[in-house]
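Chains as they are written, first to last, in the UniProt record's numbering: chain A, 1 to 694; chain B, 1 to 694.
Heads up, some of the hints might be wrong.
Said to hold, decoys possible - Once the Cα atoms are required to be at most 30 Å apart in a straight line, the calculated DSS-like pairs of lysine-lysine come out as: (1) A:474 x A:448; (2) B:474 x A:448; (3) A:280 x B:280; (4) A:280 x B:592.
Unchecked claim - A few chain A residues facing chain B, derived, Cβ under 8 Å: (5) 71; (6) 86; (7) 89; (8) 94; (9) 118; (10) 124; (11) 253; (12) 257; (13) 277; (14) 280; (15) 298; (16) 439; (17) 689; (18) 690.
These are calculated hints, taken from the structure and not from any lab test. No residue lacks a Cβ here, since even glycine has one placed at the ideal position from N, Cα and C.
Read off the chains here:
2 protein chains.
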Amino acid sequence: MRQPSLLRFGHRFSIEFQSKRSRVFSSSPTSQRFKLQLSKTQQPEMAPEMTTLKGRPLDRTAVDSLLRRRFFYAPTADIYGGVAGFFDFGPPGCSLQANIIETWRRHFVLEEDMLEVDSPMITPYAVLKSSGHVERFCDFVAKDSVNGDILRADHVVEEILEARLRGDKEARGETVEVAGNAKKKKKKKLKGETATEGLKLDDAVVQEYSEILAKIDNYDGTGLSELISKHDIRNPSSGNKFSLPVYTQNLMFAVSIGAGKLPAYLRPETAQGQFLNFSKLLEFNQQSMPLASASIGKSGRNEIAPRAGLLHYVDPEGGKKHHRFHEVADVKINLLDRHVQLAGKTNAIPITLGEAVQNGAVDNETIGYFIARIQLFLTKLGLDPNKIRFREHMENEMGKLLYFCVDAELLTSYGWIEAVGCADRSAYDLSCHTKATGVPLVVRESRKEPLVVTEFVAETHKAKFGPRFKKDRKAVQSVVDQLTQDVKEKLSLELKENGKITIDVPEVGDGKVELTSELIKIEQQTRTEYTREFIPNVIEPSFGIGRILYSLCEQVFWTREGSEERAVLSFPPAIAPTKVLLVPLSANPDFKPLVANLTKELRRQGLSTRVDDSSASIGKRYSRNDELGTPLGITVDFQSLKDETITLRDRDTTAQVRAGQDEIIEAIVRLVKGTETWSQISARLPKFEGQELE
Amino acid sequence: MRQPSLLRFGHRFSIEFQSKRSRVFSSSPTSQRFKLQLSKTQQPEMAPEMTTLKGRPLDRTAVDSLLRRRFFYAPTADIYGGVAGFFDFGPPGCSLQANIIETWRRHFVLEEDMLEVDSPMITPYAVLKSSGHVERFCDFVAKDSVNGDILRADHVVEEILEARLRGDKEARGETVEVAGNAKKKKKKKLKGETATEGLKLDDAVVQEYSEILAKIDNYDGTGLSELISKHDIRNPSSGNKFSLPVYTQNLMFAVSIGAGKLPAYLRPETAQGQFLNFSKLLEFNQQSMPLASASIGKSGRNEIAPRAGLLHYVDPEGGKKHHRFHEVADVKINLLDRHVQLAGKTNAIPITLGEAVQNGAVDNETIGYFIARIQLFLTKLGLDPNKIRFREHMENEMGKLLYFCVDAELLTSYGWIEAVGCADRSAYDLSCHTKATGVPLVVRESRKEPLVVTEFVAETHKAKFGPRFKKDRKAVQSVVDQLTQDVKEKLSLELKENGKITIDVPEVGDGKVELTSELIKIEQQTRTEYTREFIPNVIEPSFGIGRILYSLCEQVFWTREGSEERAVLSFPPAIAPTKVLLVPLSANPDFKPLVANLTKELRRQGLSTRVDDSSASIGKRYSRNDELGTPLGITVDFQSLKDETITLRDRDTTAQVRAGQDEIIEAIVRLVKGTETWSQISARLPKFEGQELE
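Just chain A, with the same shape it has in the complex (with noise of 0.2 Å):
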């Protein structure tokens, strides 16, 4: 199967990396916003090298290889010689992603009571040319002026850019440690850069590349297709230039539906599905807001990628307040403001969520109570909070559609990759789709007090209208209900004094029309106004689930040292694919009964259990397992014949402890529950210190 160069555009990850981002949605912002100050010693700097649990430098290619050879992941229709970008989950990388998912639902769905959507895969084609995505939701690319490639163009210039940086650290004998994967990039031939490897750059030029770095995602088109041609970028792989301009690629899946053909696209984001329903979530929840809706599921963006997304309907009115802020106020996270980045720099500030709205670094309440709630998520997991960072996105990046965005990145040995945006995208889709279809998704409201209002209000005496003006009724209606108050307070005066008035409508006659006080009545009036009506600003936390699975992969990746150097993946109990590993002393019949009897029992619990009866030895098996992340083992010796008493072991210390199946049984659940940690554990029961046979 020939892979189409596309699935090579842009794509710097093993498993489903293709950025999610598009520069479509991008604003100026409206606020002013508080400079995060930069201390002097805070430099320009690459991405920092990937370490593992025990920092030590993360080598790729063994996590990699792990998990291939584990089946996490395998390329899709691998025997027909794979699909670049596609990749399928085997068990333990099902189990995984169910695991996230299922923390996802209950961190957010459930304790915040939001009500859940889910759509087709595919929506139709009016939908997304309302929200703007089939104009606007693309990639600048470039293409190889001889093979026709197609690269996406900010990726291309970020590689040669970062080797050229790399040659010249290495001609000054600096070491070259990037992201855990010097050896891999240093190998990596990249054609028409001959000079790079060892090749020193003068001062200014590496001052210049890494601030091209440090704000490669603010180029537009124009800005995109400078650098490619000043810095004679070309294809890495063929050595040949680009041709330029670069251009915009739409990155949605095109399909038809039935005979009739009508156009779809698989849906680029699940957000869309959450926006057309509103009105009925609203009525759902009995027209009350605050009101969130969630959606989980795959979306198609030129890569398949499963995803879970939630829309937090918020009344743009009061400052966007969130009742429940203060109790995330405390909670501390990394933010790389724009203002840094667009300075040159790419160092991140450890802030409170409490402190950063304060100071503007955050927008309001709401969007800070929704970071911090994706911080505490993304810890849950397992992750790294030194390997969590918030960045806000910059002006191209965004939106004169996005009020405020800023992307979770996680730190891999592919340096900071985005794994959930989270963006105030305002009153825009809501307002598009009712402006599309004529159907108002607006909030109505009770007012607390009435709202009284005064006001000069022009009518027209319809009856008498039609037959003065006959084909032009329509073009003077228009004018006069255009009429601003200004105007009308003029006109109400003049209608007073003349019993007539003059107005300009361009298309009617000399473009002079004259309304007697027959046909039109001008007068101050005062209304009482009951209910108000407001379309809802959206904040939107979006998740890229497979993004989150690899980088946990890496970053919970470590060797433990012996006589061998074995791997261990330290997911946390709840996220683990298989909670508790069952190993037999060995293959006598005797344990057969016990073994099965713990396993319904263990699978009555909801715990997720695997047996290993291979012949290998009691360490060797407990090595398999730990490869899987298995955070538990129990083994059944002949001791356990006797007295039905078992050892618990935990894979990270290797530790164990001995007692009861009911009591072992029950500090599992405590330990999968999160109720109770390995070290209370260990505390309170018997410890077993026979030693592990290798």
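Assemble the complex: chain A is given as a structure, and chain B must be docked to it using the hints.
Coordinates of chain B only, in the frame set by chain A:
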């Protein structure tokens, strides 16, 4: 948004119920099978009347309007006019779907240690070309000769003939309550069928129509074209004739991947992703058989439907026994045999799986085991055993490729709809992919006893063979390779006697080729095989979650009589979208802390909860939640403030008990887990006789 005509095609159900069946994989059965005997009283019959749990005729309009009003589902992109056949699930629909899937996962994946696989929604062309989907995953469709409308051929024949039979019954003065939806069907105006209303038919015609309908799934393209022509079947919405013959239309959605436009399709089933990973799954299972895999996700076949499917890989030798068959031998199902259908009848016969396998009505233990597990799964969801039947596929439905196939069908107001397929796909798919890729998808196992094979072997002398035959070399070799044992034995004697043999090679010269002892050696040889290699056969149960969900809603719907009729959805507690409704007696703020604490406690137990503190009466509030199928309700009243007791109400009986908070929560947990029933709870906890306030 214009609705293309295809979306009316076959669109007989109000929620994505376009038939999933395809005629592609059809086979003639190779096994002799017991014919179920029909007693004389069993006559051809139309779909039985759909009744509610309380035995009253089901009013489909009432169910459908309830499900839409309470946002179980709604048309996709409703505000844009909708897309026929596409539906969104709202909060209760999502929750119901999630509970059905969770039950499925526990019942199949966990209980049977299946290996889950998750593949992308998009499958490359090459895979579906090999599997036969590109050429043969089609329905027969008929095109309106005037306006070009495209309708599914079998469905339009069915619709028209059923309408004529109803007209006949009317003319005979019989009741026409067909499938509980008589009113609607009667009103529907079928163009070109002016005479159907009340037109009496000849007895012979009634008999002919009934027989056609009983075997409607067995007609091929020629058969359907003949029916349309002979019985003057026209497009019911235009009255126009169809252009004949009918033709096939592929059911898959075409997409292309990336700029290179790699052709692909939305996957038509979840099975292919599992087949392609067979070797990896076998390795994950430590090379041991039998092995089962599972996938949950959406498939696209001109409908986008949530599906769950599993594959059980079984050794084709040894009669496809199943080691747990004895556990299900007593499970009783309603079986509709193919022979009964071909006789023009539709009566299902109650039979246990033990009997059915023994007498050959079900082909083997493994498929019998899964039929039983499907029956148990469906009844666990709350479907009525009397409204479930298993219909064996007829010859033209199944395949050269399928060995045996039954559908689990569910009775609804639309008649019997197929919700689960259970097919023996034999070694077909694995063989296709092996052939296409050269990657052997086989099981290799050590033979317990080495196999000694004695046979005649013909070896040609390669070095001399080439120069002697030159370009004919391959043709001659190919004939040698295909000699049977008998022929080889005869030739070996000839060769020994004459020093030469003559074989027929039609492509070469005069068709006779002489081979001397110098060129060929034919001798009996003995070798020992220690390994056995085989392609496993695959049993595939495949579940249409959307159809199951809709059928369940109809089957658990009933109305409670009282001052006014009130609708109830009697989902089992484990399946119900929300488990508990919390109603404070009034808006008195004193109730708030107690309600908040209960909510928190119930959530901690993982029980989804809804608070209704509106000003409606308690009776009204309960009634609203009966419509959502909420099985349990807690009332907090002034007594609760004094002694912390609360009442628990059962949806189905409206009976109430009163006890302390902990006891009530414990009872709820047991009811939802299914470890205790309401009658047990109400027997052991004090009854509460306080009147429900209407």
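Hints and how they fare:
no.	hint	in the structure
1	A:474 x A:448	violated, 38 Å
2	B:474 x A:448	violated, 93 Å
3	A:280 x B:280	violated, 45 Å
4	A:280 x B:592	holds, 27 Å
5	71	holds, 5 Å
6	86	holds, 5 Å
7	89	holds, 4 Å
8	94	holds, 4 Å
9	118	holds, 4 Å
10	124	holds, 5 Å
11	253	holds, 5 Å
12	257	holds, 7 Å
13	277	holds, 6 Å
14	280	holds, 5 Å
15	298	holds, 6 Å
16	439	holds, 4 Å
17	689	violated, 31 Å
18	690	violated, 26 Å
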